[in-house]
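Participant: Chain by chain, the residues:
Protein chains: 2
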Amino acid sequence: MITIVHSSDWHLGRSFHNVSLLDDQAIWLEQILQQVIEQQADALIIAGDLYDRSVPPAAAVALFDQFIERFRCQSQAKLIVISGNHDSATRLGFAANQLKHKGIHFITSFDDMLEPIIVSNASGEQAFVYGIPYCEPLQVRHHYQCHVSHHAQAHQFLVEQIKATLDESQSNVLVSHCFVDGASGCDSERPLSIGGSDAVAWEPMQNFTYVALGHLHGAQYRGAKHIRYSGSPMAYSFSEQHHKKGCCLVLIDNEGLANVEQLPLQPKRRMRVVEGRMAELIEQAKEDPNADDYLMVRLTDTHAIMDAMNKLRSVYPNILHLEKPGMLGQIPNRPQANDQIKQSELSMFADFYQQSLGRELTHEQRSLLTELLTDLHKQDV
Amino acid sequence: MITIVHSSDWHLGRSFHNVSLLDDQAIWLEQILQQVIEQQADALIIAGDLYDRSVPPAAAVALFDQFIERFRCQSQAKLIVISGNHDSATRLGFAANQLKHKGIHFITSFDDMLEPIIVSNASGEQAFVYGIPYCEPLQVRHHYQCHVSHHAQAHQFLVEQIKATLDESQSNVLVSHCFVDGASGCDSERPLSIGGSDAVAWEPMQNFTYVALGHLHGAQYRGAKHIRYSGSPMAYSFSEQHHKKGCCLVLIDNEGLANVEQLPLQPKRRMRVVEGRMAELIEQAKEDPNADDYLMVRLTDTHAIMDAMNKLRSVYPNILHLEKPGMLGQIPNRPQANDQIKQSELSMFADFYQQSLGRELTHEQRSLLTELLTDLHKQDV
Numbered sequence: 006m007i008t009i010v011h012s013s014d015w016h017l018g019r020s021f022h023n024v025s026l027l028d029d030q031a032i033w034l035e036q037i038l039q040q041v042i043e044q045q046a047d048a049l050i051i052a053g054d055l056y057d058r059s060v061p062p063a064a065a066v067a068l069f070d071q072f073i074e075r076f077r078c079q080s081q082a083k084l085i086v087i088s089g090n091h092d093s094a095t096r097l098g099f100a101a102n103q104l105k106h107k108g109i110h111f112i113t114s115f116d117d118m119l120e121p122i123i124v125s126n127a128s129g130e131q132a133f134v135y136g137i138p139y140c141e142p143l144q145v146r147h148h149y150q151c152h153v154s155h156h157a158q159a160h161q162f163l164v165e166q167i168k169a170t171l172d173e174s175q176s177n178v179l180v181s182h183c184f185v186d187g188a189s190g191c192d193s194e195r196p197l198s199i200g201g202s203d204a205v206a207w208e209p210m211q212n213f214t215y216v217a218l219g220h221l222h223g224a225q226y227r228g229a230k231h232i233r234y235s236g237s238p239m240a241y242s243f244s245e246q247h248h249k250k251g252c253c254l255v256l257i258d259n260e261g262l263a264n265v266e267q268l269p270l271q272p273k274r275r276m277r278v279v280e281g282r283m284a285e286l287i288e289q290a291k292e293d294p295n296a297d298d299y300l301m302v303r304l305t306d307t308h309a310i311m312d313a314m315n316k317l318r319s320v321y322p323n324i325l326h327l328e329k330p331g332m333l334g335q336i337p338n339r340p341q342a343n344d345q346i347k348q349s350e351l352s353m354f355a356d357f358y359q360q361s362l363g364r365e366l367t368h369e370q371r372s373l374l375t376e377l378l379t380d381l382h383k384q385d386v
Numbered sequence: 006m007i008t009i010v011h012s013s014d015w016h017l018g019r020s021f022h023n024v025s026l027l028d029d030q031a032i033w034l035e036q037i038l039q040q041v042i043e044q045q046a047d048a049l050i051i052a053g054d055l056y057d058r059s060v061p062p063a064a065a066v067a068l069f070d071q072f073i074e075r076f077r078c079q080s081q082a083k084l085i086v087i088s089g090n091h092d093s094a095t096r097l098g099f100a101a102n103q104l105k106h107k108g109i110h111f112i113t114s115f116d117d118m119l120e121p122i123i124v125s126n127a128s129g130e131q132a133f134v135y136g137i138p139y140c141e142p143l144q145v146r147h148h149y150q151c152h153v154s155h156h157a158q159a160h161q162f163l164v165e166q167i168k169a170t171l172d173e174s175q176s177n178v179l180v181s182h183c184f185v186d187g188a189s190g191c192d193s194e195r196p197l198s199i200g201g202s203d204a205v206a207w208e209p210m211q212n213f214t215y216v217a218l219g220h221l222h223g224a225q226y227r228g229a230k231h232i233r234y235s236g237s238p239m240a241y242s243f244s245e246q247h248h249k250k251g252c253c254l255v256l257i258d259n260e261g262l263a264n265v266e267q268l269p270l271q272p273k274r275r276m277r278v279v280e281g282r283m284a285e286l287i288e289q290a291k292e293d294p295n296a297d298d299y300l301m302v303r304l305t306d307t308h309a310i311m312d313a314m315n316k317l318r319s320v321y322p323n324i325l326h327l328e329k330p331g332m333l334g335q336i337p338n339r340p341q342a343n344d345q346i347k348q349s350e351l352s353m354f355a356d357f358y359q360q361s362l363g364r365e366l367t368h369e370q371r372s373l374l375t376e377l378l379t380d381l382h383k384q385d386v
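Listed in order, the protein sequences are those of chains A and B. Just so you know, we're using my numbering here: the first sequence kicks off at 6 and counts up by one. Just so you know, we're using my numbering here: the second sequence kicks off at 6 and counts up by one.
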C-alpha cells in the first residue's frame with residue numbers, strides 16, 4: 006500500500022482584507038505535517054499555488070523553509086510540489102536539482118514533467134508520480150512547436166506526452182493545476198484565462214491511478230472519484246464558509262486502485278458571514294465561543310448607525326468586512342433604459358429611491374418632493 | 006594544503022545604464038567554475054552580494070541555479086555564500102539546511118555564524134570557515150541584547166563571538182561583508198550606513214588564517230596581506246576601468262599560513278572611458294579591436310554636434326553614457342558664498358558663465374550684456 010497525502014493551493018503569504026493570514030497558515034501547516042507523520046505517508050503532494058504570488062513576502066518564504074526543515078527531520082516522505090498559476094516557476098525551481106536528493110521535488114519545467122518521481126515504501130511497493138507545472142497554452146505551443154490554442158488542447162497535449170512515456174502496468178499518479186470543465190469555483194481563485202476558456206477535460210486523465218488536482222479551493226472530484234481536487238487547506242474568501250477544508254489521504258493498493266479519504270484540518274479561525282441587527286449581533290457575540298473568527302457582518306438595521314464597524318469590532322475582534330443591506334437595498338442591477346433619461350425629475354428620483362432602499366416613496370414623501378421641485382423650478386425662471 | 010577560491014560581489018541581475026549585464030556575468034561565472042576545477046579547489050567562497058537586490062530578477066535566479074548545478078556536477082568543492090547588504094538573508098537562506106548536505110552552504114543568520122563549515126581535502130587536512138552574514142548594528146543589538154551602536158562595535162562583537170568558540174590550533178577562515186576602515190571604495194558600492202560611520206577595524210580579525218572580505222569592488226588587502234577583498238568579478242562602474250578583476254586563490258599550508266594569488270578573469274566587454282573629439286573618436290574606433298566595450302565617451306568638441314550619441318553608437322555599439330566637457334566645463338563645485346547673492350547681475354552672470362563653460366566672458370560679451378541689463382532696468386522704472 007502506497008500512502009499519499011494530497012494537498013494544494015496553500016497560498017502562503019496571502020492577505021485577506023489587509024490582514025495577513027500567516028499565523029493561520031502556520032497552524033494548518035503543523036496539522037498537515039502531523040497527518041503525514043501519523044499516516045506514515047510515503048509522499049506529500051502539493052498541487053500548485055504553494056505561494057500566493059510570484060514574489061512571495063520573505064515571511065512566507067521563511068514559513069515554508071521551517072516547514073521543509075521539520076518535514077525533513079520528522080518524516081521519510083517525499084515532498085512533491087508543482088508550480089501553480091500564482092507561483093513563479095523559476096523562483097520555485099531554484100536549486101531543485103540539488104533538493105531532490107533530499108526527497109524534495111519541485112516540478113516547474115517541461116523537462117521535469119517527463120521524469121517521474123518514484124514513491125516507494127518499505128515493502129518495495131512503488132507509485133510513479135508525474136507532475137504538470139502550470140503553464141499557458143502559448144508556452145506549450147512555443148516549447149513543443151505544436152498547434153494548441155487554448156487550455157483544453159494544451160493540457161491534453163501535455164497529458165499525452167506523459168502517457169507516451171509511462172508504464173501502464175505500474176501505479177501512475179498525475180499532478181496538475183488546472184480547471185476541470187464543470188467543476189465549482191469560488192471567490193478566491195484567480196481565473197486562468199481572461200476572455201478565453203480555461204476549462205480542460207477530465208477524460209484524458211482517467212487512466213491514471215490517481216489524479217491530484219490543484220487550483221479550485223473547494224474539495225471535489227470530477228468525472229471519476231480518483232480525479233480529485235483536495236481544495237485549499239483554509240478558506241480564502243467568505244464564499245467558502247461552508248467548505249469542509251482538509252487534505253486527501255490517498256491509499257493505493259496492490260491492484261493499483263486508489264482509495265481516497267478526506268483528512269479534516271481545524272482552522273485557527275473560521276471565515277463566516279453573520280447577519281442581523283446591531284443589537285442582536287452584540288448580544289449574540291457574548292455567547293459566541295468563536296467570536297474571534299474572521300467575519301463578514303451583514304447589518305440589517307434600516308436606520309443609520311454611527312461607527313458601526315468599531316462597535317462590532319469590540320465584540321468580534323476579527324471582523325473584516327461590513328455590509329449594510331438594511332440601509333442600501335441589494336437590488337439586482339438592471340440595465341438602464343434610455344427612456345429613463347427622459348423621465349421627469351420626480352419619477353427619476355422615485356426610481357433612484359426605490360433602487361437604493363428597495364422601497365417605494367410614501368405618499369407624503371412624494372408630496373414633499375413635488376413641492377420642493379416646484380420651488381426649484383420657480384427659482385430657475 | 007587547503008585550496009580556496011575567494012570571490013565576492015557578484016551582483017547577479019545588475020543593470021548598468023539600463024543595460025542588463027547577465028550575458029557578461031555568465032561569461033565570468035564560467036571562468037570561475039573553470040578555475041575551481043583546474044585548481045582542484047576544496048571550497049569556493051562568495052563573500053556577500055551574490056545578487057544585486059533582495060528580490061533578484063527571475064533570470065538572475067535561473068543563472069545562479071545553472072551555476073550551482075554545473076558546480077555540483079563538475080567539482081567536489083564546497084560552495085560557501087554569506088549574505089551581503091544587497092541580498093535578502095531570508096530569501097537567500099531558503100532550504101539552506103537541506104542544501105548543506107550537498108556541500109552548498111548559505112550563511113544568512115547569527116545561528117549559522119557560529120557553526121563552522123569544515124573544508125577538507127583528500128589528505129585529511131582541514132580548514133574551518135566561519136561566515137558573518139551582513140547585518141545592521143541594530144540587528145546585533147537586538148539579537149544579543151548588547152550595547153553596540155555602530156558598525157565597528159557590532160562587527161567586533163560578532164568577531165569576538167566567533168573567536169570565543171574556535172580552536173586556535175586549527176586553520177580558521179573568516180568571511181565577512183563589511184567596509185574595513187581606510188580601504189578604497191569606488192562608484193558601484195552602496196554605502197552601508199547613511200549619516201553614520203560604516204567602517205570596521207581590521208585588527209580584531211588578524212588572528213584568523215585568512216579573512217575573505219566582500220563589499221568593496223576593488224581587490225585590495227587591509228592591515229595585513231591575509232585580510233583581503235577579492236573585489237567584484239567585473240567592473241560595475243566606469244570608476245573601475247583600471248581595476249584588475251579576478252578572484253583570489255588562497256592556499257593554506259600545513260603550518261596554517263595562507264598564500265594568496267590573484268586569478269584574473271577576462272571580461273566579455275571592458276568598461277572604459279574614452280575621451281576626444283568626435284572626428285578623432287570615429288577614426289580611432291575603426292582600429293579599435295574592443296570597440297564593443299561598455300564605454301563612457303567624453304566629447305571634447307567645443308561646438309554643438311547633432312545626434313552625437315547615435316553617431317558614436319554606429320562605431321561603439323555599447324556606448325552607455327556621453328559627457329560633453331567641451332560644451333559644458335567640468336569645473337569642480339565650489340561652495341557658494343553668501344556674498345555672491347549680493348553681487349550685481351553682471352558679475353553674477355559672468356560667474357555663472359565661467360562656472361558653466363570654464364571661460365571668462367570676452368570684452369565684447371561683457372559690453373553687450375551691460376547694454377542689455379541697462380535696457381531691462383529702464384523698463385523696470
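If you are wondering where the hints come from, they were derived from the structure by calculation, not from laboratory data. Please note that a few of the clues may not be correct.
Here are the simulated DSS-like pairs of lysine-lysine, each with C-alpha atoms no more than 30 Å apart in a straight line [unchecked claim]:
| id | chain 1 | residue 1 | chain 2 | residue 2 |
| --- | --- | --- | --- | --- |
| 1 | A | K249 | A | K291 |
| 2 | A | K105 | B | K168 |
| 3 | B | K316 | B | K329 |
| 4 | B | K107 | A | K107 |
| 5 | B | K273 | B | K249 |
| 6 | B | K316 | B | K291 |
| 7 | B | K105 | A | K107 |
| 8 | A | K316 | A | K273 |
| 9 | B | K273 | B | K329 |
| 10 | B | K107 | A | K105 |
| 11 | B | K291 | B | K230 |
| 12 | B | K249 | B | K230 |
Simulated coverage check for chain B against chain A, where a stretch passes if three residues somewhere in it have a Cβ under 8 Å from a Cβ of chain A [stated by the list, open to error]:
| id | segment |
| --- | --- |
| 13 | 62-70 |
| 14 | 85-98 |
| 15 | 161-172 |
Ideal Cβ placement from N, Cα and C applies to all residues, glycine included.
Participant: Indicate, hint by hint, whether the structure satisfies it.
Facilitator: Hints versus structure:
no.	hint	result
1	K249(A) with K291(A)	holds (26 Å)
2	K105(A) with K168(B)	violated (36 Å)
3	K316(B) with K329(B)	holds (14 Å)
4	K107(B) with K107(A)	holds (9 Å)
5	K273(B) with K249(B)	holds (14 Å)
6	K316(B) with K291(B)	holds (13 Å)
7	K105(B) with K107(A)	holds (11 Å)
8	K316(A) with K273(A)	holds (24 Å)
9	K273(B) with K329(B)	holds (27 Å)
10	K107(B) with K105(A)	holds (11 Å)
11	K291(B) with K230(B)	violated (43 Å)
12	K249(B) with K230(B)	holds (17 Å)
13	62-70	holds (count 6)
14	85-98	holds (count 4)
15	161-172	violated (count 0)
In the structure shown, a violation is registered for the earlier hints numbered 2, 11, 15, in ascending order.
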